[in-house]
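Visitor: These are the residues of each chain, in order.
Protein chains: 2
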Amino acid sequence: MILIGKTSVPYLSEAMNDYLKRIERYCRLEVKVLPELRNTKSMPVEVQLQKEAEVLMPVMGNYQEVILLDEKGRELSSEEFAGFIQKKQNSGLRDIAFVVGGPYGFSDGVKLAAAERLSLSRMTFSHQLVRLVFVEQLYRAFTIINGEPYHHA
Amino acid sequence: MILIGKTSVPYLSEAMNDYLKRIERYCRLEVKVLPELRNTKSMPVEVQLQKEAEVLMPVMGNYQEVILLDEKGRELSSEEFAGFIQKKQNSGLRDIAFVVGGPYGFSDGVKLAAAERLSLSRMTFSHQLVRLVFVEQLYRAFTIINGEPYHHA
Numbered sequence: 002m003i004l005i006g007k008t009s010v011p012y013l014s015e016a017m018n019d020y021l022k023r024i025e026r027y028c029r030l031e032v033k034v035l036p037e038l039r040n041t042k043s044m045p046v047e048v049q050l051q052k053e054a055e056v057l058m059p060v061m062g063n064y065q066e067v068i069l070l071d072e073k074g075r076e077l078s079s080e081e082f083a084g085f086i087q088k089k090q091n092s093g094l095r096d097i098a099f100v101v102g103g104p105y106g107f108s109d110g111v112k113l114a115a116a117e118r119l120s121l122s123r124m125t126f127s128h129q130l131v132r133l134v135f136v137e138q139l140y141r142a143f144t145i146i147n148g149e150p151y152h153h154a
Numbered sequence: 002m003i004l005i006g007k008t009s010v011p012y013l014s015e016a017m018n019d020y021l022k023r024i025e026r027y028c029r030l031e032v033k034v035l036p037e038l039r040n041t042k043s044m045p046v047e048v049q050l051q052k053e054a055e056v057l058m059p060v061m062g063n064y065q066e067v068i069l070l071d072e073k074g075r076e077l078s079s080e081e082f083a084g085f086i087q088k089k090q091n092s093g094l095r096d097i098a099f100v101v102g103g104p105y106g107f108s109d110g111v112k113l114a115a116a117e118r119l120s121l122s123r124m125t126f127s128h129q130l131v132r133l134v135f136v137e138q139l140y141r142a143f144t145i146i147n148g149e150p151y152h153h154a
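Chains as they are written, first to last, in the numbering used here: chain G, 2 to 154; chain H, 2 to 154.
Pulled out of the complex, with its shape left as it was, chain G reads as follows:
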């Protein structure tokens, strides 16, 4: 899991850690935090995305497959997302990266380099909140795959 920018507030870190710990039972999930851009106020969006891409792209190269979390991506239900994860597991893919971008999403280059874009919602969540929502969905996916009583419980 690749994040751009540190988790900013303690309560979110705590929440993240709670789910990351639960996920450990099912897979090895590494969290890689890339530095957030600074002094972006007067920076055009395309420049920001380009600069983020320059940091992100080399890291993406370390993975067999990269999936972007992007509000314009494909929307799945939690059950469909569990199916998605299971299929990846069955296909023998081992090194998958999910990337949570910065506030403006991703550059076209990053989008082209990724295998897929998934959306957690049509709504825009704070990119800080996205990471929490995502780990909860990943945990939920594993409990669905394993028929464990978390989903609707």
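Each hint should be verified, as a subset may be incorrect.
The list treats identical chains as one, so a pair stands whether inside a single copy or across any two.
[As the list claims (entries may be wrong)] Subject to a maximum C-alpha distance of 20 Å in a straight line, what follows is the list of computed DMTMM-like cross-link-like pairs (lysine to aspartate or glutamate): (1) K7 / D19; (2) K42 / E149; (3) K7 / E37; (4) K22 / E149; (5) K33 / E55; (6) K89 / E76; (7) K88 / E15.
Simulated from the structure, these hints should not be mistaken for laboratory data.
Position chain H relative to chain G; hints supplied.
Guide: Relative to chain G, chain H alone:
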């Protein structure tokens, strides 16, 4: 805002309070927590929903309009949700309740009594996480309505 069950973990309470405080600038948002059902393990889902409805329905009667947050509801983007809120404000409606249900959603009776069902995502979020995602969206909506730099910032 009507919640079924207390916010269970301190980090979520803290996160909620952060957004509730920010929302104060724009509207008076009261959080009403209804008791969660106990000993539900062997209780059929319909019975659970019925019992929740018995507690929820009398409270719903205190509001001019009730909107349910339900994953099967209408999906809006954040901008559309901001438009939705602004329309309610412009229509002079004052007492609107948003209801976050329990793990199984709502009984048919509750659905009939509500003005509308909105969905935050096609995915199922923990009903604890839903309340956080919702307050973030409500805060985001007010910043969009007021042209303030939170959305994409």
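Visitor: Classify it for me, K88 with E15: is the Cα-Cα distance of at most 20 Å met within a copy, between copies, both or neither?
Guide: Answer is neither; intra-copy 30 Å and inter-copy 37 Å both fail.
Visitor: Given a CA cutoff of 20 Å, do K7 and D19 count as a within-copy pair, a between-copy pair, both, or neither?
Guide: both (17 Å within a copy, 19 Å between copies)
Visitor: Up to 20 Å between alpha-carbons, please classify K7 paired with E37: within, between, both or neither.
Guide: Cα proximity of K7 and E37: one copy only (7 Å, versus 35 Å across).
Visitor: Given a CA cutoff of 20 Å, do K42 and E149 count as a within-copy pair, a between-copy pair, both, or neither?
Guide: between (46 Å within a copy, 14 Å between copies)
Visitor: Indicate which option fits the pair K33, E55 if close means a Cα-Cα distance not exceeding 20 Å: within, between, both or neither.
Guide: Within one copy, since 16 Å is at most 20 Å while 47 Å is not.
Visitor: Is the C-alpha distance from K22 to E149 at most 20 Å within one copy, between copies, in both cases, or in neither?
Guide: Answer is within: at 16 Å inside a copy they meet the 20 Å cutoff, but 37 Å across does not.
Visitor: Could you figure out if K89 and E76 sit no more than 20 Å apart (CA to CA) within one copy, between two copies, both or neither?
Guide: within (17 Å within a copy, 28 Å between copies)
When each numbered hint is compared with the structure, a violation occurs for hint 7 only.
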